[in-house]
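Whole structure, please, built from the sequences with the hints as guidance.
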Amino acid sequence: MNKTNTKWEAISWRRLKALCLKETLQIIRDPSSNLIAFVLPLIMLFIFGYGINLDSGATKIGLLVEDQSEEAHRFAASFYGSKYFSVLPAQNRKQLEDEIMDGTIRGFVVIAQNFSDDLKRPGNSAPVQVVTDGAEPQLAAFVQGYALGAWQQWLSQRNLAQGMRAPGQIGVQPRFWFNPSAQSRNFLVPGSITLIMTVVGALLTSLVIAREWERGTMEALLASPMTRTEFLLSKLIPYYVLGIVSLMICVLVSVFVLGVPFRGSIFALFLVSTLFLLTTLGAGLLISTLMKNQFNAAQAALNLAFLPSMMFSGFIYEISSMPAPIRAITYLFPARYFVTCMQTLFQAGDLWPILLRNSLFLLVSGLVLIGLTAHFTRKRLD
Amino acid sequence: MPDVLVHLDRVKKVFPHQENAALEELTAQIMPGKVTGLVGPDGAGKTTLLRMMAGLMHLTAGTIKITGLDPIKDTSELRKIIGYMPQKFGLYEDLSVQENLNLHADLRDVTGHERKEEFQHLLKLTDLTGFTDRPAGKLSGGMKQKLGLACALLGRPKLLLLDEPGVGVDPISRRELWQVVRELVSQDIALVWSTAYLEEAELCDDVLLLSEGRMLFNGPPKAMTSRLEGRCFQLRDVAGSRREVLTRVLDRDEVLDAVIQGNSVRVVLRRNADKPKLEDLQAGPKAHWVPIPPRFEDAFLDVLGVKPPGKSPLADHLENLKKDGSTVIEATHLTKRFGDFTATDDVSFKVVRGEIFGLLGPNGAGKSTIFKMMCGLLQLTSGKALVTNIDLKTSASKARQHLGYMAQKFSLYGNLSVQQNLMFFSGAYGLDGEEQRQEVASMVQIFHLEPYLKASADSLPLGFKQRLALACAMMHRPDILFLDEPTSGVDPVTRREFWTHINSVVEKGVTVMVTTHFMDEAEYCDRIGLVFRGKMIAANTPDELKKMVRTEKNPEPSMEDAFIELVTKDRHEQN
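Top line first, the protein sequences correspond to chains A and B. Straight run, no breaks: the first sequence in our numbering ends on number 919. Straight run, no breaks: the second sequence in our numbering ends on number 889.
Hints listed in this document are in silico derivations from the structure and should not be mistaken for laboratory results. Honestly, I wouldn't trust all of these hints.
Here are some, though not all, of the chain A residues that point toward chain B, as calculated from beta-carbon distances under 10 Å [what the hints assert, rightly or not]:
| hint | residue |
| --- | --- |
| 1 | L556 |
| 2 | D567 |
| 3 | E749 |
| 4 | T764 |
| 5 | R864 |
| 6 | L918 |
C-beta atoms are modelled at their ideal positions from N, C-alpha and C, and glycine is treated no differently.
Rendered as structure tokens:
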């Protein structure tokens, strides 16, 4: 690189203002920017708010009762009575295996022949077989957990009825903090705002710069006295404002239309969003300095910003249940920190230790991305 | 004499991963108060040189000094004295005329009283005063071009670099632009105008003629054309097939170049050669020679010293189709609307077998729209389009079997090899097995593609790309050939070679429909439809069209004169 290339000239406020004004006019007049910044976010919010529901509802399971004793049937009844399962009774194990193979049921429970006999022995350990479809781990864990809970509850009730306490039994009483009704919407919506910010920040900026290259306006700008700093700022500032406006709309719709509680402060929201936008805008700018046509830029933005925000941010897939190498990768994506912040702000409130820690990561990644962009931005065409 | 503004000293540019230099050791000077034409076909190195002068690219070797400044080291100083208009004008289409001007004024620190004055001056100069609120995207090609120029002129640059300002602009606007340009250079601006149209070279004060990165000529265009004084003739009143006469003319050793011009054949002789004898040419009893002034293109061919071939082996490959005078293409009241925009407005024409019919008009006039409707690629809003009597509305795919189509910019698969392109296109037209293999093999032979079979289409030299594209369109032996802007940006030698192929297939009875914005190219056509703003304002033979505008003042009007005159007349009738 030539030495004069790295020299940063002073900013002219007139030029910067003119460039920002141009950008703003373009945003206002370009239907596709408005679509991406305002319509797409609302559609995504409603999809995540209403369309996608991770609450399991009624899961189909098979139930085979081999033991004909009264106790076995009473235990079986606790499955039939559950609102989380729809139970398909089976005649033999072969049938259960077939059904789980073809996907009719998600798991099955077998109450073995010697259930009541074993139960009578001291120690209360009776065999109940629980088999689940590991292809869907979340559901499998749920079936397993529920079966265990049902067993323990049934046992304690039985013991209570018989006037004795089960020795060494631990009672589990689930309590959900922060999201008492355990509705997935309440954590999906804050997470989806992350996605939306990624789209507005990375996709939109990378597209508009690629468009400048395609239409030849970039060449006209480069040949003018404009400096690199002015150019980068003129992209950062208007799209930052656009991102914040889009964010505000999302938050308002989430709270007042979708009924998702917001427990944090506006200030904290503003702070973490600003930092996150810095990273997504940085990513968008970086992509667009490397890709000079809109198609490539869109591909890159989707694969490098959008998908990771979806997969690695913990917004849909729990990070703690990922394999260690993948978990390590998630640390590289700023979305992860922002999802944590947003879920904290919406569901718990201003928990500053969490917010500050994540904000620090956001700040660092934002500065790195923008620094890289500044490094790669050329004032020339070759 | 004023001082030299730009010194180019052994300027060289080699792009990474490319064998040949984009520019080879170019030394020249650019003077203020003059229009310097940077002339050459696509790929000659024009844009590269402009970009290096604008400080947008590094030099591989050599130096450029503009008023003593180095474009790379003194970028920020230099930007203040250079105005640069890139290809496609570099305008923001969703900003209005005024907003585009404001942006560039702010970028160049043009403020206060000076700003007001400059706006007024530039708007008046470019005739845009009444359009300040209109978005740049909604301007015509000519107005866009002038706005681009106005933006580049803000801040009163000393050096104005214009990259192909003439592309996509109708001849009327181009003439208006030259008036603006003349006024500018009278104020001592140095203006560099790059162009692929060789005829534009004649309008410049100085010419830098480039070809494949090498400078072939530097000096006033007259110095170049005067060398050919007395060597250019027109063979007038040709009887019989003028295409056959052309072939005979080109076969003669004493001839350097020959092209069809309406019913005449334009001939350039080699140095010290005599005119071929009339009886050898079998051009009919009335044929006679008339001396004409040389053109810049003639000089270019003279410098290159390459003679275009007179015969095409492609013709031997085709069976004779009977030229029975039957109508093969017929458009009646063709109309196409996109929303409230009428791209084609009530256009009717007929083309008979073995005829070349040309649609001539500036970019955006609606040529391609008519074209696409006639190939069944676009639905008509109303009217009727028949190809070999098949209605395109009901059975487009049946009609398409008769068509060969060569799209703008060749539309080859760039990362497939030559062989793969040939296999794909022949397959797409339904050839297979032995027939396909034979057809591909004969195309390879006819167009001399053998050495390039394994090379990707993108890596081919322009001339070979064009051959390949034509081969791809011909393999299923169509009886109608559609050519969309087949030779824009192509050097004159390649263009002549292409027309030799076309002429020979037409002699075999293939019907050709071609769009072009080259006035010269229109001369090859048997009949021309002039298209302007969606309408066909005239349709006739090239000679008749020229005759229509003949006056005492202009007894030998060019095709461009005819076009401008007819369009102006049409506008008057409208009002």
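Each hint, compared with the structure:
no.	hint	result
1	L556	holds (7 Å)
2	D567	holds (6 Å)
3	E749	holds (9 Å)
4	T764	holds (8 Å)
5	R864	violated (39 Å)
6	L918	holds (5 Å)
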